[in-house]
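Chemist: Spelled out, the chains give:
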Amino acid sequence: MSARAKEVRFGTLGIYAVTYLAFVYIPVLFLPLFSFNDSTFIAFPLKGFTFQWYIEALESDRLLGSLFNSVKVAVPVAILSTILGTLAAKAVTRYRMPGKTPVVSFIMAPLVVPGIIVGIALLVIATTVGVELSLFTIAIAHLPPCTAFSMWIMISRLEGFDQSLEEASRDLSEGAWMTFWRVTFPLIIPGIVASLLLTFTISFDEFILAFFLSGSEPTLPVYMWSRLRFPAKLPPVLALGSMILISSFVVVYFAEWFRRRGAHVETSSGV
Amino acid sequence: MQDESFISIQDVSKNFGSVRAVDRVSIDIARGEFFSLLGPSGCGKTTLLRLLAGFEFPTAGEIFIDGQPMSSVAPNHRPVNMVFQSYAIFPHLNVKRNIGYSLRRDKLSKAEFDARVGEMLDLIKLPGYEERASHELSGGERQRVALARALIRRPKVLLLDEPLGALDKQLREQMQLELRALQRSVGITFVFVTHDQEEALTMSDRIAVMSKGRYLQIDSPTQLYEAPQSREVAAFIGNMNFFDARVQEVKDGQARIDAGPLGNLSAPERSRDLSPGQNLLAAIRPEKITLSAEKPTSTNFVKGVLDTAAYLGDRSHFYVRVDGVEKPIAVSTQNLNQVQFGAENKQRQVWLNWSNDAIVLLPAD
Numbered sequence: 001m002s003a004r005a006k007e008v009r010f011g012t013l014g015i016y017a018v019t020y021l022a023f024v025y026i027p028v029l030f031l032p033l034f035s036f037n038d039s040t041f042i043a044f045p046l047k048g049f050t051f052q053w054y055i056e057a058l059e060s061d062r063l064l065g066s067l068f069n070s071v072k073v074a075v076p077v078a079i080l081s082t083i084l085g086t087l088a089a090k091a092v093t094r095y096r097m098p099g100k101t102p103v104v105s106f107i108m109a110p111l112v113v114p115g116i117i118v119g120i121a122l123l124v125i126a127t128t129v130g131v132e133l134s135l136f137t138i139a140i141a142h143l144p145p146c147t148a149f150s151m152w153i154m155i156s157r158l159e160g161f162d163q164s165l166e167e168a169s170r171d172l173s174e175g176a177w178m179t180f181w182r183v184t185f186p187l188i189i190p191g192i193v194a195s196l197l198l199t200f201t202i203s204f205d206e207f208i209l210a211f212f213l214s215g216s217e218p219t220l221p222v223y224m225w226s227r228l229r230f231p232a233k234l235p236p237v238l239a240l241g242s243m244i245l246i247s248s249f250v251v252v253y254f255a256e257w258f259r260r261r262g263a264h265v266e267t268s269s270g271v
Numbered sequence: 001m002q003d004e005s006f007i008s009i010q011d012v013s014k015n016f017g018s019v020r021a022v023d024r025v026s027i028d029i030a031r032g033e034f035f036s037l038l039g040p041s042g043c044g045k046t047t048l049l050r051l052l053a054g055f056e057f058p059t060a061g062e063i064f065i066d067g068q069p070m071s072s073v074a075p076n077h078r079p080v081n082m083v084f085q086s087y088a089i090f091p092h093l094n095v096k097r098n099i100g101y102s103l104r105r106d107k108l109s110k111a112e113f114d115a116r117v118g119e120m121l122d123l124i125k126l127p128g129y130e131e132r133a134s135h136e137l138s139g140g141e142r143q144r145v146a147l148a149r150a151l152i153r154r155p156k157v158l159l160l161d162e163p164l165g166a167l168d169k170q171l172r173e174q175m176q177l178e179l180r181a182l183q184r185s186v187g188i189t190f191v192f193v194t195h196d197q198e199e200a201l202t203m204s205d206r207i208a209v210m211s212k213g214r215y216l217q218i219d220s221p222t223q224l225y226e227a228p229q230s231r232e233v234a235a236f237i238g239n240m241n242f243f244d245a246r247v248q249e250v251k252d253g254q255a256r257i258d259a260g261p262l263g264n265l266s267a268p269e270r271s272r273d274l275s276p277g278q279n280l281l282a283a284i285r286p287e288k289i290t291l292s293a294e295k296p297t298s299t300n301f302v303k304g305v306l307d308t309a310a311y312l313g314d315r316s317h318f319y320v321r322v323d324g325v326e327k328p329i330a331v332s333t334q335n336l337n338q339v340q341f342g343a344e345n346k347q348r349q350v351w352l353n354w355s356n357d358a359i360v361l362l363p364a365d
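In order, the protein sequences belong to chains V and R. If you count the first sequence from 1, position 82 lands on 82 in our numbering, and the numbers rise without skipping. If you count the second sequence from 1, position 12 lands on 12 in our numbering, and the numbers rise without skipping.
Be a bit skeptical, because a hint or two may be false.
[As the list claims (entries may be wrong)] One side of the interface only, derived from the structure: several residues of chain R facing chain V at Cβ under 8 Å:
(1) Ala53
(2) Ser86
(3) Lys107
(4) Leu151
(5) Tyr319
By construction, these hints were calculated from the structure, which means they are not laboratory data. The C-beta atom is built at its ideal place from N, Cα and C for all residues, glycine as well.
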């Protein structure tokens, strides 16, 4: 607080920033806009205001079914990938081990390998081995990128706190397991919550892998994509999309808020 | 030796990859002793402490505590506790839960738990602090809480890793005295790591001066200061003037030494074997040199020119140039009376003199 914030004039950079934000968000805002438009055609001019599409969305069994399919995939994926990511991050940050760097790179790789390649590869394997495509195969496919994301979040969390806290616990007659529960876990909860929310969002939104690996039960993105061919069926999808958009904003906002709050508590309690 | 040493470090080495942090160190520490490991950063003192705590295991050698070998004992099963440099106060727990952290297994009732914690708070003079959050504590309070937390199970040994380093000077001096008093009252063996020589001298029964993974000398503070055994120790503890010297003759426990430009010195032989012709270092502390404006009447003196003078209130520091001596000689005087010399006396001719037993003879490097 001692250093006075430098005053920035609204100049060229300001214009650039506004343009950038407009470019990113205005297209997204068309979704809620058309979801209230009283017309089956997604086009200007707007006809009138209606809640009809929201009512239809909430009454459509197939739409809601696909929404629940997505949740059924995303919840276990978020929990499992956060557990795996946390354990991997603990190993990486706390132990000296041979080949650490390549191992970390391999775990992180699913974040950069194109989904379409992984999707095709997994489809080939599934059909060769004879595994039936289902929500289970989608979840399996979502696990590696979500675990990588979780590990990334948890590494920064675990590196952020004074490791002598864990040593102090060992010194004060607790073993490795109780040290984790009494010291490490309470201190990384903000990271765990952030990881759960973000991995849930990633799995929930994911399209390519789900498209290749879904059997008779589509997840929401896959279902939405299939509706694009029938213009008349599109407005309810827009309505549901708008609802999800708002929920996503809320979820990500909370994840970030939680992460920062944790970081703040950490630094303010330091010596 | 075995029965009187409470902690016995026997031929212990610790490697980190190709770096040897601790190199074949053997130290015996007595029960109830305040023992310090003193040295610059990277000398291996902290590694040695962590070996005692069980956070690191020796590459070679063995550590015994109260007769028990420690190499296969995890930190949570050792009869030692540690005060960390950062204090490692658990940020998510209040003072009471921090201090009572190690009591979980004892399955105490709430009243017993509170009583035990209350006792410790009395000991560290912070009664009523039970419910304080860790971030509400000042630096000195954190240090005390860390101390109470480490002492609550009455360990046989308390390890302290530069616990006063984060405190300001005044608080540090106060805590030094308190820590020493506390150690006497609880009677626990303290092993104290510090890079601050003054702190080590103030507090310790014995000090091991460490450098590059080995110790150079283990002695009482007085012995380390008055009778260092090497140039490194002499230079690390306090200030020291060094002169190249050569033994001329040895007679009746006194050695006649030719110190070049300083002329002939006379010094006690002490335990060192001195033989004529041997090269040596003659060393003298700045405060053991007397500075005067007139030629002194004693036997050991040299003429010089005042180069710099610094007034520090209770004492003054001077540097005196002497013909033929490369570095100016440091002299420190207590300002008991009116200040004799000041910055205005620069370039003035002065005389230095000293008594025979002020000179320490050290092996030449």
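Chemist: With reference to the structure, classify each hint as holding or not holding.
Modeler: Hints and how they fare:
no.	hint	in the structure
1	Ala53	6 Å, holds
2	Ser86	5 Å, holds
3	Lys107	13 Å, violated
4	Leu151	11 Å, violated
5	Tyr319	38 Å, violated
Checked against the numbered hints given earlier, this structure breaks hints 3, 4, 5; the rest are met.
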